[in-house]
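**Student:** Chain by chain, the residues:
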Amino acid sequence: MNDTGLGFSGVLIAVLGGAVRVGTPFLFVSLGECLTEKSGRINLGLEGNLIMGAMSGYAVAYLSGSPWLGVLVAGTSGMLLGFLHALLCQQQRVNDIAVGIAMMMFGTGLAFYLGKSFIQPVAPRLPAIALGGWSDSAVVRAALDINVLFIIGTLLAVAMAWFFRHAKWGLLLRTVGESRNAALAMGINVHRVRLYATMAGGFLAGVGGSFLSLYYPGSWNEGLSSGQGLMAVALVIFARWNPLYCLYTSLLFGGAAALGPALQSVGVSGGYYLFNAAPYILTLGIMMMTASSQQRCAGMPGELSNV
Amino acid sequence: MNTVSPYVLEAINISKRFGELIALDNVTLKLRAASVHALLGENGAGKSTLVKCIMGYYQPDVGEVLFGDRQQAITQPHDALLLGIGMVYQHFTLIPNMSVAENIILSRPRLPLIIHWRKEMAELKRRMQGMPFQIPLDAPITSLSAGEKQKVEIIKQLLLNTKVLILDEPTSVLTPTEADEVLGKIQTMSREQHLSVLIITHKFREVMNFADEVTVLRKGRYVGSARVDQVSPPILAAMMVGHEIINTPLQRIPTTNPRPLLKIADLKVTDDAGVTALTGLSLSVNSGEIVGIAGVSGNGQRELMQVMAGQRAAHSGSITVNAEAYTASRAQMRRHKFHCLPEEPLRNACVASMSVADNLAFRRFDRPPFAVHNGLLNRKAITQRAKELIHRFAIKTPGPSTPVGNLSGGNVQRTVLARELADEVDVLLVANPCFGLDFGAVADIHQQIMAARNRGTAVLLISEDLDEILELSDRLLVISNGKLVHETTPEHAELTTIGKFMAGH
Ligand SMILES: Nc1ncnc2c1ncn2[C@@H]1O[C@H](COP(=O)(O)OP(=O)(O)OP(=O)(O)O)[C@@H](O)[C@H]1O
Ligand SMILES: [Mg+2]
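Residue numbers (numbering that gives the first Met the number 0), protein chains in the order written: chain G, 0 to 306; chain U, 0 to 504.
Worth flagging that the hints you see were computed from the coordinates, not collected in a lab. Computed from a predicted model, the values in this text were never measured in an experiment. Glycine included, each C-beta is placed from N, C-alpha and C at the ideal position. One thing to keep in mind: the hints can contain errors.
[As the list claims (entries may be wrong)] Which stretches of chain G does chain U cover? Using the computed rule of at least three CB atoms under 8 Å from a CB of chain U, they are: (1) 156 to 167; (2) 171 to 179.
[Unchecked claim] Residues of chain U clear of chain G, computed beta-carbon distances all greater than 10 Å: (3) P76; (4) H77; (5) L105; (6) I318; (7) K499.
Excised from the complex, chain G in its bound form:
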């Protein structure tokens, strides 16, 4: 053992802690995207929701003194963006992808514009549950501070998996996503289902954004997001549109992203940038390994191929 940390077990714990910390925004955005895509619509604009959520959550937490109110407002702002996205997509001859990209620019731009005055002040942070109290190592304790949003996100992933299979509205949502014609034949209002799904998905992405500004890294600035909102889209494909897999892959991505800093903390600094690219390399690698030329993407909602 040396005094920089705990050696390899230290790296492991740091990676685990990092997986949770870095993975949480991925988790929320990917769950949001998963919900939206299950209804047969792609929302590429969630990056905008994320940043808007980060800004509005931070601002409200700072002004009101309550981080939870911040989270709620962040979600609501995301929901409003989702509403706008859904409304635009419902028009004739409008393409989901194009609207998504426009909405991403819009959300980001709006957040930067409105958030100028909140870059300096310090807002209260979201609480965490300290699971590392037993250890006297600071590294372990820091790594095992589990943030409450992650716990909520985990429960949400389980709840969503259950919802898709066991709840009436879950089944109807999937029907709309699988086959618009079948849904119409059943008398389901396709537009409305997609509207709600897009709004709920937008809400989750907004909450994911508030995590960035209110917990980790825990401040508001314009370089806050490094494309988590976009990565989440890939993550959902990789998770085969299964909320539980969204949870695992978010952790995997988070862990991969935490690898570089963790290694650096024990003194391995060679290849720092290479390790920082780990999540991206991981994505590509796993995509290639799991891809199959024999059958089309298993689990993909049928309507997505028409977008």
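Dock chain U with the ligands against the given chain G, drawing on the hints supplied.
**Tutor:** Same frame as chain G, now just chain U with the ligands:
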């Protein structure tokens, strides 16, 4: 007080147009309670449109629908479901990525907020036992063949306790035995459980055996209704087309010096789930010969077709056409004049949202005269050719620019047929070519296939309709569990033996 009407459902003076095309012109249909009513008409006569108006899937331009004495505003299919009217659509409405059980549960007009799967599965299993056929409840729909899907569609409705059941060509993909089983069951249900059934079909045999009354449409107009015991197939046929029918029997010209054109050797293929679908299949087809493959759906026919059409890679084995290895590339298909008529043409051989003209041009759009050498398309030539084919193959469509998905089921089939048979063909692969066609079109297509054979084409015909195979084939093979288990000729065929091999004994 007013007397009780004997009818449970009346569609009165219904008219419906799609743009220029008048699909229904003042049509009336009355469905007597607890009876089976057949709706007949040529492809494109407006049968599907009429029942879709009843279901609230389309809004009629003029006319009204009465349900049990009262005028009911059925503005969407959900209203019809709540009234107890259920329908099996002509094109499958099952959701491919969901399981059979999920699809069945979904069709209920009122779903419980939370679905207790264990309880529901137990209940479904119990009720499945009373059904005319069995389908594994947790199989995903994607893994089912066309015939199996149709069975699920019907079971789905039977399980719903509907009062009025509308079936749009429910037996097109069933074998005659299966069809008898289903319709027999439905007939019994109508008698014993007061079910009223409206059934669209092209098969006179089914009308005569299972229906009580019949209504005939022709070109969107009402021709007449009658009790089935007062009509005969020739009368019905004449009502459908408006004149007497003269049947020309198929001419089979003896083939001179046949040479093997298509050879399949030891073909092994796995299906989507990774299960072996074909276990070393070998066959050969000579020029001027029709080889028929009979079998119950789901025994590897679909995978065989997909491999030949280039939709699926074979695991091992070889295919040779004209003594050259064949891998289903576009160039090879063109060189060997290899053409295909797959089942479910709207899915397997068309792009539904593209126009009839474009769909007709798929084989040759990139060659002169349809493409100029700089790679640009010659729209005029494409449209011109489409017009020609529409005329030659009597495709009923508002025009060459209509999306092929808007055509009636039979006309989609004709479109593909026109594309595949218009030019010279050396090897022709056909799967269930008459699924959903009216008797005139069936006779027509059989003539075309026979004519191709007589010109020297090697034809491989995969069909679940044994009569069709017996009528067309020179040689007959039976497929079961991914293997060819029996070979005979129509002259020497014994139905019981074939039946046994088909059933896998
Ligand atoms: N949505 C639509 N848009 C345009 N034309 C349509 C549409 N639906 C049907 N048609 C046309 O209306 C006519 C009647 O079609 P319909 O599907 O009712 O025929 P059908 O009697 O059911 O024939 P089939 O036996 O081939 O199924 C056809 O000419 C068809 O091309
Ligand atoms: Mg029809």
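**Student:** With reference to the structure, classify each hint as holding or not holding.
**Tutor:** Comparing the hints with the structure gives:
1. 156 to 167: holds (count 4)
2. 171 to 179: That given contact holds, which follows from 5 residues of the region 171 to 179 of chain G lying within Cβ reach (below 8 Å) of chain U.
3. P76: 5 Å, violated
4. H77: 2 Å, violated
5. L105: 6 Å, violated
6. I318: 18 Å, holds
7. K499: Since the minimum Cβ distance to chain G is about 34 Å, U/K499 lies beyond 10 Å and the statement holds.
Of the numbered hints stated above, those contradicted by the structure are hints 3, 4 and 5, listed in ascending order.
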